[in-house]
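Asker: Once you have looked at the hints, place chain B on chain A.
Each chain, written out:
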Amino acid sequence: MLRLFLAGLAILLSCVMATAQEGAIQPLLQEHQAVIAKSSRKTIGPAIDAIANSGLPQAQVVLETWAAKSMWMRKSDGLLFAGEKAEDKSYHLTDFDTGEVVGTFPKKELKQLKPNSGIRAMIGTALVQFQLLDSDRAKRQDALTSIQRDPEAALLAPLRASIKPEPDADLKAQKRRLERLLTIGYDEDTAARIAAIGEMSGDLGVDVRATLNPLVATTRNIAPGTVPNGVNIAVILVPGEDSFSDAEAYDLLVAKGFAPARVTADEMRHRLAENIEGGKVGGVPVVQLDEEEARARAYAALAEAGKVPSFVTSAEIHSALTSYVFYETYAEPSAKVTTAAQSALDKIALKVGVNQTLDLTLDALSLASIYFLAAIGLAITFGVMGVINMAHGEFIMMGAYTGYVVQQFIPDHTVSIIVAIPLAFAVTFAAGVAMERLVIRWLYARPLETLLATFGISIALQQLAKNIFGTQARPLTAPGWLDGAWMMNDVVSISYIRIAIFILALIFLGVFLFIMKRTRLGLETRAVTQNPRMAASMGINPGRVNMLTFGLGSGIAGIAGVAIGLFAKVTSELGNDYIVQSFMTVVVGGVGNIWGTLAGAAMIGFLQKGIEWLNPSNTLAAQTYMIVFIIIFIQFRPRGIIALKGRAAGD
Amino acid sequence: MQRSFIAKNPSVLIFLACLALFTLMVTIFSEGFGVGMISTSFVKTLGKTLCLCLIAVAMDLIWGFTGILSLGHFAFFGLGGYMIGMWLMYERTRLIVVESLSQTEIPPTRSEIVDAIGNQIFGVVGANEFPLIWAFADSLFLQLVLVVLVPGLLALVFGWLAFRSRVTGVYLSILTQAMTLALALYLFQNDSGLRGNNGLSGLQNLPGVDASQDVVSLWFLWASAVALGLGYLLAAWVVSGKFGSVIRGIRDNEARVRFLGYSVETYKLMIFTLTACIAAIAGALYYPQAGIINPAEIAPIASIYLAVWVAIGGRGRLYGAVIGAAFVSLLSTWFTGGQAPNIPLGFYTIKWVDWWLVLLGLSFVAVTLFAPKGMGGLVDYWTQRRSPNRHGANLGPNDGAMREQEASK
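Residue numbers (numbering that gives the first Met the number 0), protein chains in the order written: chain A, 0 to 650; chain B, 0 to 408.
Bound conformation, chain B alone:
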């Protein structure tokens, strides 16, 4: 008799319960619906953190389970944000323009409205006409479809090119990094059609919604929580079945999987595209909470941080990715926000705003060297799961294969 999915993966249930509890607590303590102990800006930070957890899950799928160290997933994240941002910006500007034009004596024509919106949006980059890529910006539905479609397509094309020519290991990492850099540089241009380095702004205002930010922030928190829950469920389902076994096999010993008759490239392409879509959805939920998106968000360094989160949380386990992303990004906010107390040494005062990155960099090196399991290792310690004894050998010959200390029996 087959055991049910939940029974095989008790951690999923625990995770979902924790997530639900967390969301409930935040709602109760929020300003919008609860007692007001958590400020709206912190609710937004928590909501954004949930989105980062979601993209970390995607990263764990691609790196922890498939062994592809992609340094380009923030490109998909950013593209998702841009896609939803286009609609938010267009619609909000349209409402403002219609409002101001209705004051005139002659009612505006449709093309006059579109021209005025174009002027409003692209005035900063010295243009006034809508580029082709904004063709669907007036439709929420189409733009939502594009949130998944555009990054998915990019991942599909890029992945097909890369996997087809059997670029693996660090080469693939550098290639994905180059892709992100190319995209960021492209978006930095003023004539890219997405407002150059000004980016899209004012995204926190939902067009046609009168509710205050206190409430809107909670809506986004819930949406992010639901997305994270569903994304986690999907990821857990993907890795638990036969598909999961194949991609784990690819991670540890690609050649053997290929000789067993599996189309390694297809599996890689599928998982690459799937994670790109998940990343895009996370981005589409993140940027309305951040309020602004610009090409700097897509810079290669962001994607490397993503890898850092997953590594610190513990790769190859979904909850590890979530814990890592939440822990590091919240800690980062705490330190860089100036809330951490300075340490006076007498001759020099350590200001955490300046020294946090040094600490993060070094502790990351320490984690890589001394605690390959990351924070997930604490869970293993608690549940008394041990690493297999392979006499120091990795799980496979691949670059992305699990190390002996990383794996659990």
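Isolated chain A (complex conformation):
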């Protein structure tokens, strides 16, 4: 019984061996051995195809070995093996089919196959179909990336074949998308391409546009007489109309060699200089040649004598232009495809436009929240108390530097920011209280003197920061979870820091409203601001209230400094960059009203982004025009967007 079983097992085994022998790749390699050994890019194609399409499991290994220059041929019988270096200039050879080491041979009995880069690229393309089906997900992803980077017609079929067996849903979607794109670019069936274009026409991806744009790219052409047949013409150009000037048309003729070049001013000058004879050129004295008219005369005389090419007259230009037809052609021969691509691109452009507007709105919102953050401290000191504090920007700077110093002691960014925020508040609160006690208290009725005195403090603080921290920018690093951006699609994205600042601005707004409307300090502050004497007679200590309010405004500036420092460079001039805008925000919004400050920040933020959008390369111009706009705006609403009325207005 056991013997029988063993015998059966032996038969089964031999059967398996036999099939293995049948599925050997060596015979196939031998069939193409001459071509493979020759290693020429022109003739290698069939050999690679044969290996790749053999359907043998070894094919991938063979191709990879070959591309890696580790395929060796045994000179004695011409068989091909994978070689691995052993010692003493000898190599271990491994059979592709059995995977066993055949033996070790000295180098002189072997020949290494060294495919050049062209062949390696072809092998690589052939390999993609294997990689697309590889069991390793990372390899499949790599294959897709390489196709994306370098799409080719030959990759379309293997890509299509690999979609169905793909187990990973994400990769499957990527493959589908890529297949559509390759179909647009390379499929031979026009209907399939148009269908694919139609399918992708709503897509915002940059890759879709990159696929479609070459289809509608045009080149300018010239033909004598009439437009030739059989080309996909985009538009027929008429010289002198639209944006196609006569000069441009003639230059095109010259470039294509259909007409003689015009004589440029520079060339004329050179030719004249070459033909000076005894102080004269073409009968015109050299000293007179400082006028265009004399030069033309001299040149004409030279041309008549045949020494220089003659002028191209305008009549000649005109006749040349009329005898040719100018047109733009698509590189893509099929008109249906180009039409479909154009309409798809139009659709995409519309969608991109909508999304860009959204993106711009987000940008503006984030800029507005930065301005709001920078200005909210001022909304308290300037807006509520009416104290103009030019050192406000320096308080922002102090907050940012506090954040930097904290990070020197606490390396963990998340913890350091959590520590830095209250610390920055404490530092600037103390600075604000000190400043109020020492300087501002004596100047309450004198806003202009306050302005100048606080400016004096501002330059002193700025220089002090420069002396302590140096002039170079210091880093205030955001925690890791604030890195990166929230991408809605390829067009709309906003960085997490900006979202955080937006949220912080909202929190500040809430805190401000709470303090002003719901706390004792807020009540007393409003009372003291409206009428200090009356407030004092009600038992409120105006000095103390002023001190605390001013400290609060300064403290908020410090926190804003930490936030601003996260995305801007922390330098001693940090505050300077925001001070004028902050005042603008408060003044435009309307003094004494937090909603006004909010409206002011929103207006300035949106305005600046809007102007930047009109002229994207130039943010300086945007700031300039914004300030000019604000100056004009104040003409019409001198008290800001939200103006206080009645007694609270102060006059």
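Bear in mind the hints are in silico, worked out from the structure with no lab data behind them. Wrong hints could be hidden among the right ones.
The following residues of chain A were derived to be distant from chain B, with all beta-carbon distances above 10 Å [as the list claims (entries may be wrong)]: (1) 168; (2) 289; (3) 615; (4) 641.
Computed list of chain B residues with no C-beta within reach of chain A, every gap over 12 Å [stated by the list, open to error]: (5) 18; (6) 19; (7) 262; (8) 337.
Each pair of labels, with its calculated beta carbon distance range [stated by the list, open to error]: (9) B:262 with A:292: 23 to 33 Å; (10) A:531 with B:139: 53 to 63 Å; (11) A:360 with B:139: 27 to 37 Å; (12) A:212 with B:139: 49 to 59 Å.
Built from N, CA and C at the ideal position, the CB exists for glycine as well.
Answerer: Structure of chain B alone, referenced to chain A:
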């Protein structure tokens, strides 16, 4: 019988005498014409200081006498400099271009010369054509007219807009500051037509003049002294008459002046434009001595320093402005130039290059708090003029009104 202007204002005569004496002394000690005890670069510094004194006089007119704290007068100063700088640069480049093109075999045409100048001037900002604003740059006369016209017009338009909508006090200060910032940012662009942040350079070389800088620096010193003298005289004349009384009234109590029937806006606009023109002339004399002008000169901070000078000198008195500007700017040069001796404290050495601004800022705060009269107060002390006793009340309800301690009887 009416007393003469000089008799009413003896300080004018004293000032002019001091100025003349100063100019004479510098000339005698200079390298160009005298014994050479004062280096040419210091002569230039003194000349520049005279220009700063002139703009300080303008600032005193607008702030000390009219109560408008303008933080934008350096914009006019800079614009004046740009206007004269355009001609200086154009003309000098033209001479160089003509010189180099005359070496070629074919004499250049007019348009070739202009193109070559454009290339020379605007090559740094990647352009080669003349913007429209350079249309008059080839004419010294027109460009000199523009020195006054452009800043004057800007001041007129800006002032009309601002005063018409009754922007006053700190709001006006912020608005003027915004104007300066906008102008500076605009000029910083490369396509502003004024060479972006490169600015205009080589202005110290007078085209067509072979004299050495030793002599040229003295010419500018004299010109600056004459301008300062005339500007001072004009300012003194303006503030001494009825006009001066009205603007002082506007400073202290604008509403009352308006109810008396005066057109406050017109007076403000006139004085604003006049001071802008004076500032522009000062700038046009300053920058050829500095040799270079760029948009950083117009930055808002410069105008605030101007207010600091006037405040330290003592506002509301013309000689105070001059003293303040001269004293602070010369002291600033001395400290930041590294000439001041360092103070070793053992554990730390105070380098004045680093600490001067801290000192200036704090001393300015101290002046504002404790010595509202500024350095002019010393003159009052000497001439035994006292402040009026108003029981702590200011001279008027306006933001810019004089404080009791600031005023003199």
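Asker: Against chain B, does residue 168 (chain A) hold up as non-interface, every C-beta pair farther apart than 10 Å?
Answerer: holds (51 Å)
Asker: Beyond 10 Å from every Cβ of chain B: is that where the Cβ of residue 615 (chain A) lies?
Answerer: holds (14 Å)
Asker: Within 49 to 59 Å or not, the Cβ separation of residue 212 (chain A) and residue 139 (chain B)?
Answerer: holds (55 Å)
Asker: Falls inside 27 to 37 Å, the C-beta gap from residue 360 (chain A) to residue 139 (chain B)?
Answerer: violated (52 Å)
Asker: So residue 18 (chain B) supposedly isn't at the interface. Is its beta-carbon more than 12 Å from every beta-carbon in chain A?
Answerer: At about 27 Å from chain A, residue 18 (chain B) clears the 12 Å cut-off, so the statement holds.
Asker: Confirm or reject the claim that residue 262 (chain B) and residue 292 (chain A) have a C-beta distance inside 23 to 33 Å.
Answerer: At 58 Å between Cβs, range violated.
Asker: The output says residue 262 (chain B) does not contact chain A. Does that hold with a beta carbon cutoff of 12 Å?
Answerer: Residue 262 (chain B) is indeed farther than 12 Å from all Cβ atoms of chain A, at 18 Å.
Asker: Take a quick look at residue 289 (chain A) and tell me if its Cβ sits farther than 10 Å from every Cβ on chain B, holds or violated.
Answerer: With a cut-off of 10 Å, residue 289 (chain A) comes too close to chain B, as the shortest Cβ separation is near 4 Å.
Asker: Taking the Cβ atom of residue 531 (chain A) and the Cβ atom of residue 139 (chain B), is their distance within the range 53 to 63 Å?
Answerer: holds (59 Å)
Asker: Does residue 641 (chain A) really sit off the interface, with its C-beta more than 10 Å from all C-beta atoms of chain B?
Answerer: Label holds. Min Cβ-Cβ 16 Å, cutoff 10 Å.
Asker: At 12 Å, judged by beta carbons, does residue 337 (chain B) keep clear of chain A as stated?
Answerer: holds (16 Å)
Asker: If we take the beta carbon of residue 19 (chain B), is the closest beta carbon in chain A still more than 12 Å away?
Answerer: holds (33 Å)
Figure legend: structure checked against the earlier numbered hints; hints not met, in rising order: 2, 9 and 11.
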